[in-house]
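K.L.:
For the record, the sequence lines run as chains B and Y.
155 is the number that the working numbering gives the last residue of the first sequence; the numbers go up by one with no jumps.
133 is the number that the working numbering gives the last residue of the second sequence; the numbers go up by one with no jumps.
No lab work stands behind these hints, which were simulated from the structure alone.
These numbers were taken from a predicted model, which means no experiment stands behind them.
Take every hint as true, because none was put in to throw you off.
Take a look, some chain B residues computed to stay more than 12 Å from chain Y by CB distance:
{"no.": "1", "residue": "M1"}
{"no.": "2", "residue": "T12"}
{"no.": "3", "residue": "D18"}
{"no.": "4", "residue": "R20"}
{"no.": "5", "residue": "R28"}
{"no.": "6", "residue": "L33"}
{"no.": "7", "residue": "R55"}
{"no.": "8", "residue": "Q66"}
{"no.": "9", "residue": "K71"}
{"no.": "10", "residue": "A79"}
{"no.": "11", "residue": "H85"}
{"no.": "12", "residue": "K117"}
{"no.": "13", "residue": "K152"}
Stretch by stretch, here's where chain B covers chain Y in the computed footprint (C-beta under 8 Å, at least three residues):
{"no.": "14", "stretch": "23-37"}
{"no.": "15", "stretch": "46-53"}
{"no.": "16", "stretch": "61-74"}
Note that CB positions come from ideal geometry on N, CA and C, so glycine has one too.
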Amino acid sequence: MASVTLTVNGRTVSADVDPRTLLVQLLREHLHLTGTHVGCDTSQCGACVVHVNGRAVKSCTLLAVQADGAKVVTIEGLAANGKLHPMQEAFRENHGLQCGFCTPGMIMTAVELVNRKGNNLDEHTIREELEGNLCRCTGYHNIVKAIAAGAKAMR
Amino acid sequence: MKWTAIDDFGIVINPMIVEGQVHGGIAQGVGQALLEGAVYDKHGQLVTGSYMDYCMPRADNLPSFNVDYVVTKCPSNPLGIKGCGEAGAIAAPVAVVNAITNAVGHEDVPMPATPQAVWAAVQKSAKLRKAAE
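Chain Y on its own, in the form it takes in the complex (with noise of 0.2 Å):
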């Protein structure tokens, strides 16, 4: 798999840490769409308190990233910059569930997509197409 993300963060003082928050802003944003998810029972109780039950993604959930920028100075402070840690964790979730929601043919897919959402969401898809036929 290739992953590539290009964004817009000013002036760069420093690539190296830019792009690592980068870096680590897309594996959150992969997490949030595919593993992670607070999950309460009926009575408020948080149910995926530990890591026992909370998926945090692995190195082998992920491909190493392809990062690059352009440069438009940030026209509102001294130095012409702008935030970067975040960045990476805005587009991925969108860019991972459009992936999914262009495969399965409809938006009803829930995050994080697990396997078992995938597969209603399929479910889904095959009800659809009988449907329309």
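Same shape as in the complex, but just chain B (with noise of 0.2 Å):
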């Protein structure tokens, strides 16, 4: 067994894990944060994605002892004081989610999108930058809009 220490949304944890766990077991099975999904476990659909030292991380590419003693954000850590955040808030508003299997994800993207591009995100960078995360239903379009709105928003 391998002990990691690390920040979850602000708050120290600590687990006994096999060392070949992966962030994202550590995140759903062991801090039950099922906010975090799994969509096809070979990195490819970025439903997984969380920040990792401010970083946008499939989490399912890292193992948890990587992690230790770094920040990790996942999509519960984003709304504060009983408000959601304004790029959760733009999806909600622009209908940037279907079934919301890959919204955990987009979201975790496009914050850190917003946070290394600025507020002015133009269609094209928006498309380019979601490479890495896959969504069946809407075809992309409220997505981008939303992603678009929020970073204005967060201003």
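With the hints as a guide, bring the two chains together.
P.N.:
Shown next as structure tokens:
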């Protein structure tokens, strides 16, 4: 067993895990933060995206032990004081989801995109940056709209 | 690229949801036309069983869509509504593949029309042109 200590959504947590445990397994199975989804297990779909030290990372690609000492934010950590994060609100407002399975990953990717590239995002940039996030329902149209609106609202 | 889709969904109760369904249908149709193929080997083993091998459309494979509709009340149910979930997926592959067959000049274009398939279709056009001369 390996011991890991990390900060998840502002809370320090420690766990003894099998060294091969993935970060997403630690989040979902040990910490019961099931908002982070597993869509493909092969790092294609992006449903498992979380922030590790501020960077968007596919948590099915990282071992839990690699996140030792890191600051992790999941979809559960975005809303504050009972209010949705502006990006979550934009997805709701713009019908940026249908079944919702890809949504946690989409939103985590989008928030990091805004942190990296600013609040004025054109359609081309958003579509290119969503390369690692798959959606089967929406055709991406309303996701792209939601991210543009959410980016402005994050100002 | 500009994509416009128009259909008749009967009485539309929530336009936002209906348009969302059409967006998704179009994306699935484009995927079927250009990217998504279920491939089996000679033993019947599916070799496109994960997203490593099966190509789903990404956001940058698609444009935004311009969706509109006319309303003809459906006479066979009390709400006057019609289905909208599959509508986009019906016309989209046809539109995309028609564009390709029109460009290459013959109809021997398989789906998904991958770059390799389109290249083969273009080679065939050249052969057909030569044979006609």
